[in-house]
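Chain residues, written in single-letter form:
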Amino acid sequence: MAVVVFGATVLAFVLIDQAPGDPGRLIAFARYGEELTAEQIEAVRRSEGFDAPLPVRYVRWLGHVLRGDLGRSLATGNSVAAEIVQRAPATLALAGASVALALLIGLPLGIVAAVRRGTWLDALGRTTAMLGVSVPNFWLALLLLLLFALVLGWLPSFGYGTLAHLVLPVVTLGTAMAALTTRITRSSMLDVLCEDYVRTARAKGLTEQAVILKHALRNALIPVVTVSGLQFGRLLEGAVVVESIFGWPGLGRLLVKAIFARDYAILQGCILVIALLIVLVNFLVDISYASLDPRIRYGQRG
Amino acid sequence: MHDAITRIIGDTAPLARILHRLSHDRMAMLGAAIIVLLVIIAMFGPWLAPNEPLQQHPELRLASPQAQFPLGTDQLGRCVLSRLLYGTRTSLGVAVVVVSFAVLIGILVGLISGYFGGVVDEALMRGVDVLLSFPGIIFALVIVGILGPSLFNVILGLALVHWTGYARLVRASVLAVKERPFIEAARAAGAGHRRIMFRHILPQCLGPVLVMATLGVGHIILAAAAMSFLGLGAQPPTPEWGAMLNQARDFMRVAPLLMVFPGLTIMITVLSFNLLGDGLQDALDPHYLPVPVRRAGRPSPKWTGGTPVLPSQSGRE
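Going down the list, the sequences are from chains A and B.
If you count the first sequence from 1, position 228 lands on 228 in my numbering, and the numbers rise without skipping.
Numbers given in my numbering equal positions in the second sequence, counted from 1, plus 302.
To be clear, the hints were calculated from the coordinates, so they are not data collected in a lab.
Take the hints with a grain of salt, since some may be wrong.
[What the hints assert, rightly or not] For each label pair, taking beta carbons as the anchor points, the in silico distance ranges come out as: (1) B:G395 - A:L36: 33 to 43 Å; (2) B:Q537 - A:L131: 26 to 36 Å; (3) A:V3 - B:L477: 14 to 24 Å.
[Unchecked claim] A few chain B residues that don't get close to chain A, going by computed Cβ distances all over 12 Å: (4) M331; (5) V341; (6) L350; (7) P355; (8) F418; (9) S435; (10) G438; (11) E481; (12) I485; (13) L508; (14) H521; (15) A550; (16) R555; (17) G565; (18) T567.
[What the hints assert, rightly or not] Covered, in the sense of this in silico footprint (three residues per stretch, anywhere, with C-beta under 8 Å from a C-beta of chain B), are these stretches of chain A: (19) 62 to 76; (20) 81 to 87; (21) 228 to 240; (22) 258 to 264.
All C-beta atoms, glycine included, are put in the ideal place defined by N, C-alpha and C.
All chains should be modelled from the sequences, with the hints used to inform the complete structure.
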């Protein structure tokens, strides 16, 4: 994990550092406005340390990052770290609620599809899951917006603040993810249902409900958790689109704005934070295995 | 996706049997038929389109479907159907370029990593891990942010990160194949590294790659359309499905149909690649069992005393 974190910081740094366009010029422009002299640009280049070799610049940059300093926005002059800290909760709320919705729909649907394998319920589950992974999220978002905000007027179309604002973005992201959760739950349950211990549980006279919910489900959950973790990146991709459509003030919208404004400082901060979030989520997924499966132990024991 | 695909690494049935199995999968065949149709449209779009996709008819803005414009016109009075037909070339083209590039790089990295192992493997796979911590669209967004919005930069960004999945997949296949006796035999016969890698190991790994690439085309079509939707990919007036949706968005109250067709087109396209990919995956599965037909009244896969059915092996992912 340490290697990946290190690599992610290098990549985030090098991508922006090697970007075409003279960052010294950009910063000088942000600082002094239209009428720039060559000396002013040169002075900024020197004061910002752009004349040092790449590894030196990286180490210097990393030093700032470790102290929580991600630089200043080229467009607004605000602290990048402050902008990100201000917007991260909105994205995390969106992501969290979407994962919850995905599990709420996907787990029962997947279990039913597995237990009633080959019936119309299974076919229905599979069709929905197939459609769910094929629908473009931006289209779904627009259709939901048209129906529930413009035609029916039940929900706000744009903005942030109340629970009602959360509904459409979460439904957009959550249903797409639910499609995948359903597929994984189904195939994982099918694997588990023909294990010996499930037969044993049935043989000792447990009700079908107890067998499925207590014995099978717990073991079937590991792949579901793994995939949910891996899907976190996909979720952030979706957040970029969905936040832009619904005016949700999160990291995704910040990122898109930064791209249009060519605000490299914000861009760098965003990708660094996103990469670190993804590494963190994968780490948490790894840890959660141990609580799902007592056979897995990290460290010396076992 | 990886786990389900890696399950089919190993003994792959001969091509004829795979095709035979595939031909019995109705959904996969439906997907394949739509893909063939799309390829024809991409190739012959200019002859099929009823109108010029860029020609504006100012007197007929946001018109509803009619004889001359079967799917109506957009905000500038351009023929929606013609734009959709032309857009097929863009979307399929982008996806094919990105996926081909990704498959080539992925195979090369995966083969080298899996075959040589050790430090080389470690270094390459950590590099893949680093790239994987940047989600595909977000990485592509950053590339576009740095180099400027254009379709080419979208292709570049998506290709630069999309290959990692193939590299991991091929590496896993190589690890499964390289200890098998026939590789030993090839080595004993004096084959060099390159010959063993490309002539003996690679063919064994292509099945899973084919599945992943089919699903990958659908995924890239979605991603590229999303980027164009955000205004970062294909630029107006290029007819592109995602960009068309973006423009339709401003008129959704007055002309909701304008928004329906591009979305539907993207969905059907992606769906057809997903159906075919899924079908291929089942057909390549060495433990292939036909899709079960269950008698009524016996719904759950309970163990009934005979040989237990092995649902895991016929179940789709």
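Tested hints:
Separated by about 42 Å at the C-beta atoms, B:G395 and A:L36 satisfy the suggested range of 33 to 43 Å. Our hint of 26 to 36 Å for B:Q537 and A:L131 holds, since their Cβ atoms are close to 31 Å apart. A C-beta distance of roughly 21 Å is found between A:V3 and B:L477, which places it inside the suggested range of 14 to 24 Å. Interface exclusion of B:M331 from chain A stands, the closest Cβ pair being 15 Å apart, more than 12 Å.
No beta-carbon of chain A is positioned within 12 Å of the beta-carbon of B:V341; the least distance is around 18 Å. Listed as a non-interface residue, B:L350 keeps its Cβ farther than 12 Å from every Cβ of chain A; the least gap is roughly 23 Å. Separation of B:P355 from chain A is adequate, the least Cβ-Cβ distance of about 20 Å exceeding the 12 Å criterion. Its beta-carbon lying about 19 Å from the closest one in chain A, B:F418 satisfies the requirement of being farther than 12 Å from that chain.
Residue-level check failed: B:S435 sits 4 Å from the nearest beta carbon of chain A, not beyond 12 Å. The claim that B:G438 is not at the interface with chain A is violated, since a C-beta of that chain comes within 12 Å of its own (minimum 7 Å). Every CB of chain A is more than 12 Å from the CB of B:E481 (nearest about 26 Å), matching its label as outside the interface. No beta-carbon of chain A is positioned within 12 Å of the beta-carbon of B:I485; the least distance is around 30 Å.
With a least CB separation of 24 Å from chain A, B:L508 remains clear of the 12 Å interface cut-off, as annotated. For B:H521, the shortest C-beta to C-beta distance to chain A comes to about 9 Å, within the 12 Å cut-off, and the non-interface label is violated. With 12 Å as the threshold on Cβ separation, the claim that B:A550 sits away from chain A is violated: the shortest Cβ distance comes to roughly 8 Å. Residue-level check failed: B:R555 sits 6 Å from the nearest beta carbon of chain A, not beyond 12 Å.
Distance check for B:G565 against chain A: the nearest CB is about 3 Å away, which does not clear 12 Å, and the non-interface claim fails. The Cβ of B:T567 sits about 10 Å from the closest Cβ of chain A, inside the 12 Å cut-off, so the non-interface label is violated. With 0 residues having a Cβ less than 8 Å from any Cβ of chain B, the segment 62 to 76 of chain A misses the three-residue criterion, and the hint is violated. Residue count for the segment 81 to 87 of chain A with a Cβ under 8 Å from a Cβ of chain B: 0. That is fewer than the three needed, and the coverage hint is violated.
Coverage of the segment 228 to 240 of chain A by chain B holds. Counting CB-CB distances below 8 Å, 5 residues qualify, and the rule asks for three or more. Residues of the segment 258 to 264 of chain A lying with their CB closer than 8 Å to a CB of chain B number 5, which satisfies the three-residue condition for coverage.
In summary, the numbered hints that this structure violates are 9, 10, 14, 15, 16, 17, 18, 19, 20.
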